[in-house]
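Could you build the full structure based on these sequences and the hints that come with them?
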Amino acid sequence: MNTVPWLTILGAVPLVGSAVVALLPKGRDLIAKQVALVFSLATLALTIVVALQFDGGSSQPFQFIESVPWIPAFGISYGLGVDGIGLVLIALAATLVPVVILAGWRDVEDTPDARGSVKGYFALILALETTMIGVFAATDVFLFYVFFEVMLVPTYFLIGRYGGPQRSYAAVKFLLYSLLGGLFMLAAMIGLYVVSAQGGQGTFNWFDLAGMDIDPTTQKMLFLGFFFAFAIKAPLWPFHTWLPDAAGAAKPGTAVLLIGVLDKVGTFGMIRYCLPIFPAASEFYAPVIIALALVGLFYGAFVALGQGDMKRLFAYSSMSHFGLIVLGIFVFTTIGQSGSVVYMVAHGLSTAALFLAAGFLMQRNRGSSLIADYSGVNKAAPVLAGFFLFGALATLALPGLVSFIGEFMVLLGSFQRFLWVGAIATLGIVITAAYALRLYQRTMTGPVGPGLEGIGDLRGREITALMPVVALTILLGLYPAPVLNVVNPAIDNVMSSIGATDPAPVLGSTGTSSEGTEQ
Amino acid sequence: MNPANYIVLSAVLFSIGAIGVLVRRNAIVVFMCVELMLNAANLAFVAFARMNGNLDGQVVAFFVMVVAAAEVVVGLAIIVQIFRTRRSASIDEPNLLKY
Amino acid sequence: MEQIMPATGAFSLIWVLIALPLAGAAVLLLGGRMTNKWGPYLGVLTVVGSAALGVVMLLQMMGLPAEDRSIQQVAYRWVFADGLSVDMAFRLDQLSMVFVLLITIVGSLIHVYSLGYMEHDPDRRKFFGYLNLFVAAMLLLVLANNYLLLYVGWEGVGLASYLLIGFWQVKPSAAAAAKKAFIINRVGDVGLGLAIMVMFVTFGSVTFADVFGQASAASEGTLTAIGLLLLLAACGKSAQFPLQAWLLDAMEGPTPVSALIHAATMVTAGVYLIVRSNAIFDRAVWAATAVVVVGLITVFMGAIIGSAKDDIKKSLAGSTMSQIGYMITAAGLGPIGYVFAIFHLLTHGVFKAGLFLGAGSVMHGMNDGVNMRRYGALRKVMVITTITFFIGYLAIIGIPPFAGFWSKDEIIHAAFEKGPVIGALLILGAGITGFYMSRMVAMTFFGKARWEDDVHPHESKAVMTIPLIILAIGSTVLGMALLFWGHIEEWLEPVTGIATAPSPLSTAATIGISLAFVIVGASIGWIMYLRREVPITAPRGSLLTRAARRDLYGDDVNEVLVVRPSYWLSRVLVWFDRAWVDGFVNGIAAFVGGFSGRLRRYQSGFARSYALSMVGGAVLVVLALLLVRLS
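Chains as they are written, first to last, in our numbering: chain U, 1 to 519; chain P, 520 to 618; chain Y, 619 to 1249.
A few of these clues could be false.
[Claimed, not checked] Here are the simulated DSS-like pairs of lysine-lysine, each with C-alpha atoms no more than 30 Å apart in a straight line: (1) U:K379 with Y:K655; (2) Y:K655 with Y:K789; (3) Y:K655 with Y:K1079; (4) Y:K655 with Y:K744; (5) Y:K1079 with Y:K1066; (6) Y:K789 with Y:K744; (7) Y:K744 with U:K379; (8) Y:K1079 with Y:K789; (9) U:K379 with Y:K789.
[Unchecked claim] So, partial list: chain U residues that the calculated Cβ filter (under 8 Å) puts toward chain Y: (10) Q307; (11) G376; (12) I405; (13) A423; (14) I424.
It is worth saying that the hints were derived from the structure and are not from the lab. For each residue, glycine too, the CB sits at the ideal point set by N, CA and C.
Structure follows, in C-alpha cells:
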C-alpha cells in the first residue's frame, strides 16, 4: 500500500480548479478558460502518473486504496481504490475533459441566450470531473451513492443553463429520471446495510459487502434497486427517453461527457456492484436483462436510422451500443466482460469524435442539428467532413479501431455463452453501418447545401481538440494491450466473485499458445 | 374533589374553544377561542400532574403559557395590521393565501 | 500438421510490405495541402517499394525447399483475454506470396496510370492516399496469420472501396453507391464475424494453423456452418449472388479504382478466403456444393448483365462478376479446383485490370462518356488502347495462347472431373463471355463513329499507355509463364493440396468444345454489332435484355425485401418511441402534475376550513387511538 493518497489528490485537483475558476472576477473569460484547461491537463497528467504506477500483474485487483472512517456509527467510510475497470474509466474521463474544454472554448459566447457565465460553464465541467473520478474510485457504497447523486448537480446546470431551446424540459427530465433511479438505489442500499448488520456491525464497505453471503430472495429484491438506477443511467431500453432529450438539448461538449462518461456509470455500476454483491440475483435476472439489452441494441439502431436530428441520432446510437455493453456484462464470460469495458472506453472516444465534429458543424450553421439542413459539407469543409467520417466509422466499429475490439469481444463472449444471442447481436453491425453511413451521406455528400458554401473548415483549436481522440482510437485499436492488461485481471476478479467459468472450446484446446513459439 | 372533574371541565372548555374557532368569523373572537383551547390543555396538564403525582405536566403547562404569550404577540399584531388595511376583522375575507 | 518457419532474411520485413503503403496513406491523408505537389509520387513510390520487396521475398522463397515456404512473423499480442489470444502476426506462404505480387505489381501499374488519369483532379492527393490505404489493407488481408486480423484487412479494403467509390461525393449517385457497397459488404462481414466466432468456440483459436490443424477433429455440422458463413462473407466481398448488387453501382468510382479494387484484387478476396480455408471446405461437402452453386449462378448473372449494358464500365463489371463466378466455382470443386481458382484469379487480375484501364483510356478521350452507343471506330484514333484492349479481349474470352485460355480451360477441365453438368454450364458461360466481349470491342473500336458533337477522342499520354502495354504483355504471356515456367500447381500444392479425377472428356476434347462455343459466341457478337449500325438510343430489347439492364432486378429485390421494410420499421419505431415509450414517461409526469393540481384546489385560503380539517384530522387520530386501545 502506498502512502500518497493519489486518488484523493486526483479528485481534488479539478475541484480546486473549479473553485478557482468560479472565484475569478467577472469578465476575465479568457483567463477562466485557460485556468480550466490547465487544471484539466494537470488532472490528466496526474491520471497518467497513477496509471503508470498501477500494477496490472499484481495479485491485488484494487490498488491505491485509501480508507478513512467517515460516519463510523453506520460503518460508512471515505474509501477509495481502483481496479483496472475503474482506472480505465477514470482515464477516459480525464482524457475527455480537456478535449471538451478545448472544443467548447466558445460554446457560451456562441449561445446568445445562455443563462450562465463563461466561467460558470468551465467551473461546472471541472466540478463534474471531480464527481466522475469519485464515482469510479469509490469503494464504499455510500460514498459511491453520494458521488452518484452529486454528479447530477453540475450536469443539471450544464444542460439547464447552457443548453439549447429545450434545455429546461430536458434538464428537469434528466434530473427527475436520475433521481428516481437514485431513490431505488438508496432504498436498496439501506436494505443492504440492514442485511449486513444482521451479522453484527453493519457496513457500507464494498470489500465486505462483495464477500457477503446474502439469502437469494433478499438478493433479488436488492439487486433490482441497484439495477434500476443503473439501467436508467446506462440507459437500457425502455428507460432511455431522457437521453435523446438531454443529449439533444445539451451543448456538444456536455453531451460528450454525458454520454461518454456519465452513462458509463450505469454499466460500471452493474459490473462493480450488481454482479459481485448479488451473484445469485444476477444469474437469476440475466436472461431478462440480456433480452432487454438485445431489444435496446436493435431498437436504438432502428430509431437512429429514422432520426432527422443529429444529436438525437447520436443518443439513440449510444443507446444501441449500451445494449451491447450490457449484453457483454451479463453473458458472464471473461471475453464478453473485458469486451464491455473496452467498449465503454471505445464508445467514449467515438462519441467524442462524432459529437464534437457534429458540434463544430452545427456551430457554423446557427446551431441547427437537423440533418435536412445539411448537404455537401465535404465540399465546403473537407477536414471537418473527414473527422465526421472518422467518428462515423468509429461508431460502426471499423476493424482496426478500438471500438472494433470491444464490439467483437462482446459478440464473441456472447456467442460463447449463448450461440443465438451472439448471432443475433452480430446482425446489429449491419444496421449500425446503415445509420452511420446514411448520416454521412445525407449531411456530407452531394451538392453543397444553401448557406453552407462559406462555413469555413476546422481551425487549429478544433483540430487540436479532436486529434487526441482520433489518435487514441487508432492506437488502442492496433495495440489495445494497455487497456487489456489492466482490465483483464479485474474481470477475472469479477468472474470469480460471481463464480462463473468460461465455456471451454469444443475441441479442448486453450489457444493461448501462439504459433510463433513453436519453431 | 375528584380530579377527573377537572379533566371533564378541560374537555368542555376545549370543545367550546374548538367550536368557536370553527364558527366565528371575527378574528379577535377566534383568537380568544384559541387561547381558550390552550388553557383547556393547560388545565388538563395540571390535572394530570396532580393525578400522577409528579411535576411533568406543570412544567409543560409553563411551556404552553410561553407559547401562548408569544402567539398572542404575533397574532394580535397580524390582526391589527389586517384590520388597519382592510377595515375588517373577519377571517374569511383575507383568503389571498390560496393555491 | 504443416511446418511453419520463423521469419529470417528478407522475410523479417514482412511487416514493411504493409507499413510502407500505410505510411504513405498516413502522410497523404494527414499531411494536408502541403503534400499536394509531391504526395501522388510518394504514393506511387510506396507501392513500388512494396512490389520490389515482394519480388525479393519471392526470390528468397524460391530458394527454399517447398515444405519450408510457410513463413511467420509475430509482431505482438493484439487481442487477448482469458482463453483468447490473437497476435498481430503475419504469414507469408506460397498463396499469400502470389497475392502480394499481384496486389503490389498491378497496384503499382495502376498507381502510375492514375498519375495521368487523375492529373487534373483537385483532390488527387486524397485519391492516392486512399489507394495506398487500400493496398495496405489488401496486403494485411492476405498476409494475416489468423482470421481476426484477416477481418481487419477485410473491412479495411471495404473502407478503401467505400472511400474510392464515393470519391466524387458531390455526385449523389456516387455517394449512394459507396454507402450501398459498404452496407452490402457488411452483410458479408456478419458471415465472416460469425465464422470466426464458431471457429473460436470450436477450436479455441482463430489462427490458420490451429483451425486447419484441428479441422479434422471437428464435426461435419460445425464445419458446414463455418463453410457457409465464410461463403456468405465471400459473396459480399466478391459480389456473388445474392450479394452482387453493389458491384455495378461501384463503377461510380474513378476508373483506376474499378481496375484495381473492383476487378483485380479486392473482389477476388472471397476466392482467397475460400481457398485459404480449404481445410474446412474439404471436410464440408454441403458447404462446398453451395459454393459451386453460388459460383455457377453468378457466372450467368454476370454474363447476362454484361451482355445487356451499354455502359462500358458496367458491362465490364458484369464480366468481372461472371469471371469471379468461375473462380468461386473452381474453389468449390475442392482440391481439384483450388489451384486453378487462384491461377484464373491471377490471370484475370492482369487482363481485367488491362481492360478496365483501357476503358478508362477510352473514357479519358471521350470526355468521360461511358455509353458504348456513342463510341465506335475508336481504333483509328487510339491505336495503343485498341491493341492492348484487344489483347485483353483475346485473353478474357480464352483464345490460345493468351492468359485467360490456360486458366479458364483448367477450370472447365476440373469441373468436368467433378461433374459433367458443371463443366457444360461453364462452357456455355464461356460462350456468352465471347459474345459480350465481342459486342463491347465491336461497339467501342469498330463500326462507324457515333461520337457526340463536342467530343474529340485522342490517345492518352504515355504515363497511361505504358501500364496498358505492360498489362497487355502480361495478358499474353502470364498464363503460359505461370503454367510452364512457374509451375503454379506445384507451387501452390503445399497450401491448397491438389488432386485429379478421371474426366469424361479428354483434355483435347474439352479445349475443342469450349473453343467452339467461344468462337460461336464471339461470332454472334461481331455479326450483330458490326453488320448493322448500332442505334444510338437502345432498342427496347427482349424481356431478358430489359431485366439485365436493371441488373436482373437485384436492386428491386433488395429494395422490397430489405430496404423498404427497414425504413418502415425505423419510422414505426420512431413513432412508437415518441408516442408510447416517451409518452408513457411524460404521461406519468402529466398525471402527477394533474393530481397535484387538483390537490392544490383544497388550499382555499379560508383559515376556518383549514381549522376544520385540522379538527377533523385530530378527531380521526383520537378515534384511531381509541380503536386500537379497545381492540
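Outcome of the hint check:
1. U:K379 with Y:K655: OK: K379 of chain U and K655 of chain Y at ~20 Å, within 30 Å.
2. Y:K655 with Y:K789: Holds - the C-alpha atoms of K789 of chain Y and K655 of chain Y are around 26 Å apart, at most 30 Å.
3. Y:K655 with Y:K1079: Holds. K655 of chain Y to K1079 of chain Y sits at ~20 Å (cutoff 30 Å).
4. Y:K655 with Y:K744: holds (12 Å)
5. Y:K1079 with Y:K1066: holds (25 Å)
6. Y:K789 with Y:K744: holds (17 Å)
7. Y:K744 with U:K379: The hint holds at about 13 Å.
8. Y:K1079 with Y:K789: With Cα atoms ~27 Å apart, K1079 of chain Y and K789 of chain Y stay inside 30 Å; holds.
9. U:K379 with Y:K789: holds (11 Å)
10. Q307: holds (7 Å)
11. G376: holds (7 Å)
12. I405: Holds: closest Cβ of chain Y sits about 6 Å from I405 of chain U, inside 8 Å.
13. A423: holds (6 Å)
14. I424: violated (10 Å)
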